[in-house]
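For the record, the sequence lines run as chains A and B. Residue 9 in the numbering used here is what sits at position 9 of the first sequence, and the numbering runs on without skipping anything. Residue 79 in the numbering used here is what sits at position 79 of the second sequence, and the numbering runs on without skipping anything.
Treat each hint with caution, since some may be false.
Straight-line alpha carbon distances no greater than 25 angstroms define the calculated SDA-like cross-link-like pairs of lysine to any residue that follow [unchecked claim]: (1) B:53 to A:29; (2) A:114 to B:102; (3) A:69 to B:53; (4) A:49 to B:101; (5) A:69 to B:114; (6) B:57 to A:69; (7) B:53 to A:49.
Away from chain A, derived, C-beta distances all over 10 angstroms, residues of chain B [claimed, not checked]: (8) 44; (9) 58; (10) 73; (11) 94; (12) 101.
By construction, these hints were calculated from the structure, which means they are not laboratory data. Here the structure is a predicted model, which is why all the values come from computation and not from measurement. Positions of the beta carbon are idealized from the N, C-alpha and C atoms, including for glycine.
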Amino acid sequence: AQSVTQLDSQVPVFEEAPVELRCNYSSSVSVYLFWYVQYPNQGLQLLLKYLSGSTLVESINGFEAEFNKSQTSFHLRKPSVHISDTAEYFCAVSVRDAAGNKLTFGGGTRVLVKP
Amino acid sequence: DAGITQSPRHKVTETGTPVTLRCHQTENHRYMYWYRQDPGHGLRLIHYSYGVKDTDKGEVSDGYSVSRSKTEDFLLTLESATSSQTSVYFCAISEPTYSGNTIYFGEGSWLTVV
Numbered sequence: 001a002q003s004v005t006q007l008d009s010q011v012p013v014f015e016e017a018p019v020e021l022r023c024n025y026s027s028s029v030s031v032y033l034f035w036y037v038q039y040p041n042q043g044l045q046l047l048l049k050y051l052s053g054s055t056l057v058e059s060i061n062g063f064e065a066e067f068n069k070s071q072t073s074f075h076l077r078k079p080s081v082h083i084s085d086t087a088e089y090f091c092a093v094s095v096r097d098a099a100g101n102k103l104t105f106g107g108g109t110r111v112l113v114k115p
Numbered sequence: 001d002a003g004i005t006q007s008p009r010h011k012v013t014e015t016g017t018p019v020t021l022r023c024h025q026t027e028n029h030r031y032m033y034w035y036r037q038d039p040g041h042g043l044r045l046i047h048y049s050y051g052v053k054d055t056d057k058g059e060v061s062d063g064y065s066v067s068r069s070k071t072e073d074f075l076l077t078l079e080s081a082t083s084s085q086t087s088v089y090f091c092a093i094s095e096p097t098y099s100g101n102t103i104y105f106g107e108g109s110w111l112t113v114v
């Protein structure tokens, strides 16, 4: 079985400051890694994912995440946040090469961007 | 938008009553999922379907059943609702070319059991 731990349940941050959301996972098999974002009263949207290749992946809105196999981590960063980044962020994994892509999620990290 | 419609979006029901949530997709994706979201737990998989009449359990399936009689519809039924089933329920879909494919989520159904 897989498990995902998001180490911070809430992260307050000032506008234009950097932010890092931590994610660690546990799995006995190879996994794919995902970050999803949920804006208030909405469903989840894919932010970025790591499948293979370069361990640094980027999203179109300035987020990046780095896969670290030795530390089993997939931390999410943004060098300068905006008010619109206020949301809840979820780290998730799915088993590589499994049928379907059932996700195992972490508990989520609420990001509150203050002006 | 991923072409997923959940209904009802909000429901209040009494303990012991049956409840059915509906998920409708227009994408013709093979896989459909039901998740529940609770504070501190993220989302947890209840049931999923990999084709018409083909379903399987997720990690929190007790007290829930599902049915899929058409590709586009996936129903989640709470046989006898309990207060512990108060939650936000999300339907999701994916085309499982491989397990790294993106899963697309609906906008959620808020269920309160009183």
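Hints, verified against the model:
1. B:53 to A:29: violated, 29 angstroms
2. A:114 to B:102: violated, 31 angstroms
3. A:69 to B:53: Violated - the C-alpha atoms of residue 53 (chain B) and residue 69 (chain A) are around 38 angstroms apart, more than 25 angstroms.
4. A:49 to B:101: holds, 9 angstroms
5. A:69 to B:114: violated, 45 angstroms
6. B:57 to A:69: With a Cα-Cα distance of about 30 angstroms, the restraint between residue 57 (chain B) and residue 69 (chain A) is violated, given a limit of 25 angstroms.
7. B:53 to A:49: Violated, at about 31 angstroms.
8. 44: violated, 7 angstroms
9. 58: violated, 7 angstroms
10. 73: holds, 18 angstroms
11. 94: Since the minimum Cβ distance to chain A is about 6 angstroms, residue 94 (chain B) lies within 10 angstroms and the statement is violated.
12. 101: violated, 5 angstroms
Checked against the numbered hints listed earlier, the structure breaks hints 1, 2, 3, 5, 6, 7, 8, 9, 11 and 12; every other hint is satisfied.
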